[in-house]
Amino acid sequence: MFFNQAIKNLKRTREIIAVLIKYGFEEVVANTALHSFVPQSRQLTWVRNERYVLEYTRWERVRMVFEELGPTFIKGAQVLSNRPDLLPEDLIQEFQKLQSNVPPFAFETVKEIIESELGKPLDEIFEYFNSTSLAAASIGQVHRGKLLNGTEVVVKIQRPNVKLIVETDLSIIKEVIRRGASFFENNGISNPLDVVLAFEKSMQKELDYLSEARNISQFRAFYKHRKDFYVPLAYKEHSTSKVLVLEFVKGCKITDVPQLRKWDIDIPTLAKTGLGIYMTQIFEFGFFHADPHPGNILIRPDGAICLIDFGMVGKLSKRDKFAFTSVFTAMALKDARGMANALRKLAIDDDISDMRTLETDLNELIEDYISLDVSESSMAEMAQRLQSIIYDHKIRVPGAVFIILRALAILEGIGKTIYPEMNVYDYIKPYGRKMLMEQYSPENVGKDTLNVLNDFLNFLNAFPNEVRDILKKARQGRLSSEVRLAGFDRLIAVWHYTANRLALALIIATLILSASLITAADILVHPSSLRYPATAIIMYVTAILLAIRLILVSFKNGKY
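Counted from 1, the sequence shown has number 389 at position 39 by our numbering; the numbering is strictly sequential.
Hints in this document: simulated from the structure, not taken from any laboratory.
A hint or two may mislead.
Simulated crosslink set (PhoX-like; lysine-lysine; CA at most 20 Å straight-line) [as the list claims (entries may be wrong)]:
#: 1; residue 1: K551; residue 2: K684
#: 2; residue 1: K574; residue 2: K555
#: 3; residue 1: K551; residue 2: K577
#: 4; residue 1: K524; residue 2: K577
#: 5; residue 1: K513; residue 2: K555
#: 6; residue 1: K684; residue 2: K665
#: 7; residue 1: K766; residue 2: K784
#: 8; residue 1: K586; residue 2: K603
#: 9; residue 1: K372; residue 2: K361
#: 10; residue 1: K603; residue 2: K470
#: 11; residue 1: K551; residue 2: K461
#: 12; residue 1: K555; residue 2: K361
#: 13; residue 1: K372; residue 2: K496
#: 14; residue 1: K496; residue 2: K524
#: 15; residue 1: K577; residue 2: K555
#: 16; residue 1: K555; residue 2: K470
#: 17; residue 1: K797; residue 2: K779
#: 18; residue 1: K622; residue 2: K603
#: 19; residue 1: K668; residue 2: K695
#: 20; residue 1: K513; residue 2: K496
#: 21; residue 1: K684; residue 2: K603
Using C-beta positions, here's what the derived DEER-type ranges look like [claimed, not checked]:
#: 22; residue 1: I820; residue 2: M705; range: 19 to 25 Å
#: 23; residue 1: R899; residue 2: I842; range: 50 to 56 Å
#: 24; residue 1: K447; residue 2: R706; range: 50 to 56 Å
#: 25; residue 1: A884; residue 2: L854; range: 35 to 41 Å
#: 26; residue 1: R851; residue 2: K668; range: 57 to 63 Å
#: 27; residue 1: E477; residue 2: P453; range: 24 to 30 Å
Beta carbons: idealized from backbone N, C-alpha and C, even for Gly.
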C-alpha cells in the first residue's frame, strides 16, 4: 500500500501534488509514486503573477514550489542553501531568496501556549507582556516582556501545530524520495535522502527551544571571562520546548555606523574583535553560530558585541578542524596538490575520478584570488568557486564547512561595510599556524599513533574470524554476492510500460481475430442470417473499448 506511513496525510499529499503540477513539475509527479494520487480529471491553471510558469527557469519554479508549500519547505530550502555539495549552484541562489514572511498568530493563542507550557497564568510570570510581536517567522514569533523581578526579556513562542505539520511533510517527502531517488539524482540533486535526513535532524533541534537554551549556556561558558563579547542569558526556569525566555539586550545592529559613532566606539577595533571572536568559535571550540547576519549581531553602548538567535549552530570535530585548516593553509602557500589532499581528508565520501583535474581547478582558484588586494578580494566569490569545485568533483564534506564559508562571507560583507580595509584572510592565517602546531604537537601525534596501533591490533584480532566465517559460508553453499546495475531504473520503467502496452495490444488482436473466426463460422452454418453472434459482438465491443483506452493512455503519457 503506497505511503504506508503517511496514508492519513492524503489531503496534504494532494496539496503538494497540486503545487508541483501548478509550477510545471509534472515530471516529478509522473516519475515518482505521487502519480497514484492524481485524478485524471484534475485541471490546474499554470500561471504565476500573470506569467506562464514555464517562462520561469526550472530552479525559479522549484523556489516557487517551496515558497507556496509553507513552513517546512521554506525552512528546508533555507537550510539546504548552505549545502552546495548536494544541490546545483543555480538552485542554491534561488533558495537564498526565500524569506519566511508569515503573518503573526493571534495574541490569544500566544497567551494560551505560554500558560499551557509554563502551567501558570501570564500575569504570574510577567509584570508586563507586549501583545504585539516584534517579529514572526515560519517556526515561531517573538514578543517583549518583563519578568516579575523587573528583568526585561524577549519571549519566543512556537507556532501552534508547527511540529505536526513538519513531521507530516517530512514523512511524505521521505517516502516520495525513497520511491523516486533516481529521478532526483538524474536532475542534479545528489544523495536526496541524505539531504532530507540532514534537514530532519536540523529541524528536530530547531523545534526544541530547550536545545537553543543549551547552545546559549555552552557559548556563555566558553566566553565567560571576556568583557568585549556577551551572550544573553536564557531563563530555563521559564522555558520549555515551545517557549523560550531570553534576556533583552539594548543595542544597535553592527552595521548602524552613525549610532556606533555617537557612542564613540572605535569601528576598526570592533570589526577586528568581531572577526577574531568568530575565528575562536571555529578553530578553538569547533562550535559556532550558524547565521551571523547583521540582525543577529548587536552592539551595546559600551562597545560589547552580543550574538542572538542560537537556534542553529555548527560543530566541527578536531579531525575536521585540522583538515579544514589545511585547506586554507595550502591555499595560502599556493599548493594546489596539498589543497586537494586536504579536501580528501575533510571529505565524508568522494567520487574523484581524476585528481589532476581537481588540482588544476584548485590551482586556477588560487591564482585568481590569493594575490588580490583587499579592495579586489572577495570571500563570497572565493567560497562560491570552492563550493562549485566540491560539487563538480562529487566531494561530500561535513555540512558545517559550508556554514563556515557562508558565515565568513557574511562577516566579510559586514566588515567591509563598517571598515573597508579589513581582510578576512589576514585573520585566518594566525589560526592556521596555531592549528598546524596543535595538530603536530607531541600530545596529538601520540594520540594518533596510539589510535592507529589500536585499530591495527583490532584488525589482527578480527581477521582470522572473518576469514573463518567466509570459508564456513563457502563450504555450506551460503556465500553470495549482490550486483546492482545503477542507472537502469528509467529503462526498466520503459520496458514495463512497453510490455504492458504490448500485452494489451495482443489481447485486442486476439479478441478481434476470435470474433472474426466466430462470425465466419456462423456465416458458413447460417449463410442467410444477417445477425452477428452475441459472443462475437461482445468480443468486438471489448476490443474497441480496450483500443480506445490504449490510445488515450498513450497520448496522455506523450508516447505518440
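Is the Cα-Cα distance between K372 and K496 20 Å or less? It is violated: about 47 Å lies between the C-alpha atoms, which goes past 20 Å.
For the pair supplied as a hint, K496 and K524, confirm whether the alpha-carbon distance does not exceed 20 Å. This hinted pair is violated, its Cα atoms lying about 43 Å apart.
Assess, step by step, whether the Cα of K524 is no farther than 20 Å from the Cα of K577, and give holds or violated. 47 Å, violated
Agreement of K513 and K555 with the hint, judged by alpha carbon distance not exceeding 20 Å: 11 Å, holds
For the pair supplied as a hint, K668 and K695, is the alpha-carbon distance within the 20 Å limit? 12 Å, holds
Against the 20 Å threshold, does the CA-CA distance of K797 and K779 hold or violate the hint? 26 Å, violated
That 50 to 56 Å hint for R899 and I842 (C-beta), does it hold up? Violated, since R899 and I842 (Cβ atoms, about 23 Å apart) do not stay within the stated range.
20 Å Cα cutoff - pair K766, K784: Distance ~26 Å between K766 and K784 Cα, so the pair is violated.
Outcome of range test on Cβ distance (A884, L854; 35 to 41 Å): Cβ of A884 to Cβ of L854: about 24 Å, so the range 35 to 41 Å is violated.
Cβ separation of I820 and M705, checked against the hinted range 19 to 25 Å: At roughly 33 Å between Cβ atoms, M705 and I820 fall outside 19 to 25 Å, so the hint is violated.
Check the hint pairing K513 with K496 against an upper bound of 20 Å on the C-alpha distance. 28 Å, violated
Pairwise hint evaluation, K555 against K574, where the allowed Cα distance is 20 Å at most: Measuring from Cα to Cα gives roughly 25 Å; hence the hint is violated.
Violation of the numbered hints given earlier is confined to hints 1, 2, 3, 4, 6, 7, 8, 10, 11, 12, 13, 14, 15, 16, 17, 20, 21, 22, 23, 24, 25; the remaining hints are satisfied by the structure.
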